[in-house]
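Asker: Protein chains in written order, with my numbering: chain C, 1 to 529; chain V, 1001 to 1072.
Think of the hints as simulated: they come from the structure by calculation, not from any bench.
One thing to keep in mind: the hints can contain errors.
Said to hold, decoys possible - Below, simulated BS3-like cross-link-like pairs (lysine-lysine); rule was C-alpha separation at most 25 Å, straight line:
(1) C:Lys470 <-> C:Lys400
(2) C:Lys347 <-> V:Lys1029
(3) C:Lys392 <-> C:Lys347
(4) C:Lys269 <-> C:Lys229
(5) C:Lys126 <-> C:Lys262
(6) V:Lys1038 <-> C:Lys220
(7) C:Lys361 <-> C:Lys126
(8) C:Lys192 <-> C:Lys126
(9) V:Lys1004 <-> C:Lys220
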Amino acid sequence: MTEAFFPEDHSNGSVDSASSADPAVDISDVMQKMAEHKGCGTEGGSGKASCGSSGGPEDMPAEIWEKVKNHPCYSEEAHHHYARMHVAVAPACNIQCNYCNRKYDCANESRPGVVSERLTPEQASKKVLAVASTIPQMTVLGIAGPGDPLANPGKTFETFRLISEVAPDIKLCLSTNGLALPDWVDEIAKYKVDHVTITINMIDPEVGQHIYPWIFWENKRLQGYEAAKILTERQLLGLEMLTERGILAKINSVMIPGINDKHLVEVNKAVKSRGAFLHNIMPLISAPEHGTVFGLNGQRGPTAQELKALQDECEGDMNMMRHCRQCRADAVGLLGEDRSAEFTTDKIMAMEVEYDAEGRKAYQQAVESERQAKVEAKKGQLDGLEAAGDMKLLVAVATKGHGVINEHFGHAKEFQIYELSQTGAKFVGHRRVDLYCQGGYGEEDALETVIKAINDCHAVFVAKIGGCPKADLTEAGIEPVDQYAHEFIEQSALVWFKDYLVKVAAGEIVHTDRGDAAIRQGALIQQAG
Amino acid sequence: MAYKIVGSQCTNCTACEALCPNEAISEAKGTFVIDPAKCTECIGHFDTPQCVAICPVDETCVIDSAYPRYEA
Ligand code: SF4
Ligand code: SF4
Ligand code: SF4
Chain C
1 MTEAFFPEDH
11 SNGSVDSASS
21 ADPAVDISDV
31 MQKMAEHKGC
41 GTEGGSGKAS
51 CGSSGGPEDM
61 PAEIWEKVKN
71 HPCYSEEAHH
81 HYARMHVAVA
91 PACNIQCNYC
101 NRKYDCANES
111 RPGVVSERLT
121 PEQASKKVLA
131 VASTIPQMTV
141 LGIAGPGDPL
151 ANPGKTFETF
161 RLISEVAPDI
171 KLCLSTNGLA
181 LPDWVDEIAK
191 YKVDHVTITI
201 NMIDPEVGQH
211 IYPWIFWENK
221 RLQGYEAAKI
231 LTERQLLGLE
241 MLTERGILAK
251 INSVMIPGIN
261 DKHLVEVNKA
271 VKSRGAFLHN
281 IMPLISAPEH
291 GTVFGLNGQR
301 GPTAQELKAL
311 QDECEGDMNM
321 MRHCRQCRAD
331 AVGLLGEDRS
341 AEFTTDKIMA
351 MEVEYDAEGR
361 KAYQQAVESE
371 RQAKVEAKKG
381 QLDGLEAAGD
391 MKLLVAVATK
401 GHGVINEHFG
411 HAKEFQIYEL
421 SQTGAKFVGH
431 RRVDLYCQGG
441 YGEEDALETV
451 IKAINDCHAV
461 FVAKIGGCPK
471 ADLTEAGIEP
481 VDQYAHEFIE
491 QSALVWFKDY
501 LVKVAAGEIV
511 HTDRGDAAIR
521 QGALIQQAG
Chain V
1001 MAYKIVGSQC
1011 TNCTACEALC
1021 PNEAISEAKG
1031 TFVIDPAKCT
1041 ECIGHFDTPQ
1051 CVAICPVDET
1061 CVIDSAYPRY
1071 EA
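Bound conformation, chain C alone (with noise of 0.2 Å):
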């Protein structure tokens, strides 16, 4: 099914002028065997046999396993076992876009009104390599915003060369909006960066000049259709020169209704075809305290249907990325509150690092066999499950990953949401609830928070729960299900899912749809990611 990589946009001369400029590496071969891949997959029943193991996920061949099994954002599976870090080190950008206020981080790291510390790159890599050895699921670093990290390429590669010199296991990734990565691919490649994330919300200058107001270009600041027209062409050409040089190109775009939400279908296949691995739609978050051009003029972000809805007609044979939590497995959050305190720029520059290059291949070693034995607990739990029919539902999880249900329904900051079906146990998404989102708002309206924003469950898993919130879901028509507590998620999840079904063939229950849910984000805020 080369076809599904390379629809018809690959026979369009700009893209094939473009990859036969210089000899790809290897990444269209890639490209076309993962393609062969996901046909065989998708296909299901006889090709299967025949696709050879690569060790991971069905869908996905051993190469570009290899290449993401540890990155917490590209791999759902990583994310519960690995934690990325981010270092501001770039505040400058080259373009304005309508939801990003820069006073405050990037919507792909952080939590509302919180700004970084801006680092020079002695300090960042010092305390990266501090952090690394301190938490070994550190396996990522990134440099994102505020900022574009392009448009700081002396401070952004000399981070990645001084990290790169010490570590050479940590794998670095950075953000861009792309207006410049053309310039900047080769020295990405230098750096063996494998992995860049570029934010794409258009391939229309129509639809750009009301996210874009202007961009910094040679020396001037252009408006309007001109500036997107000009962006819009310096993105897709870095996504294709990542590709040629076999850099895996994500895209991250920001659905916003009315403006570009139906073209983002448009935008999905453009990204395909010029090879991007992995395509993110991400809401955007919008509200008048966060200052944004789109905050204050009113513009909504999307339900969570809508969301879905949106991704599921771009999925098709692509790997949408559901399980980005806009940065939230964050490698200084796991130090917990009380040890990032040790971690502030005056004591780690006051401190002798040294790199703990065995107690890290340990950790990675240990989390392998736990991947094993999840993959050991998946078989057979597809049996039975044929009796669902065309039947579809969500349900939430309370977990601090893993992926195992270990967190206490009131304590949860974030629910993971998996759609069950005859296919299995889906991760969809994240629904955020944690205090930042509810705008100080007392104890029951908290709870009345939750309820909005998993109002299109039918179950929530958790490892505990009070009677009141217990009465409460029951009442909203959310199940609370506690007795798989500590158990692997997915499992879980279709154990119940398979006992539902059970209940609603003997008429015990009858299946009814569940309505939509607000999405609760934290602040805004800017791209470059």
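Could you slot chain V with the ligands onto chain C? The hints should help.
Answerer: Here is chain V with the ligands on its own, set in the frame of chain C:
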């Protein structure tokens, strides 16, 4: 005249610093400042003052009328 930065609006993004053809911009006391003795309003270098063009906050890099207009 030279340009000046309205300190209360500056986000400290550093973008202007790198673009100034005269190295007139530097960080001082938590915000960025323009040295009026060095600023040429970009005359002779670019059509538009670079700090104005890149600054994410409108009306932050503005003409400082305390100084006479720069003459090339
Ligand atoms: S911004 Fe996205 S790509 Fe970068 S580390 Fe976070 S989740 Fe990964
Ligand atoms: S106007 Fe030009 S010369 Fe003056 S500070 Fe701004 S960038 Fe520098
Ligand atoms: S570009 Fe504007 S906001 Fe950024 S440092 Fe310069 S004056 Fe401050």
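Asker: So which of the earlier hints does this model not fit?
Answerer: 3, 5
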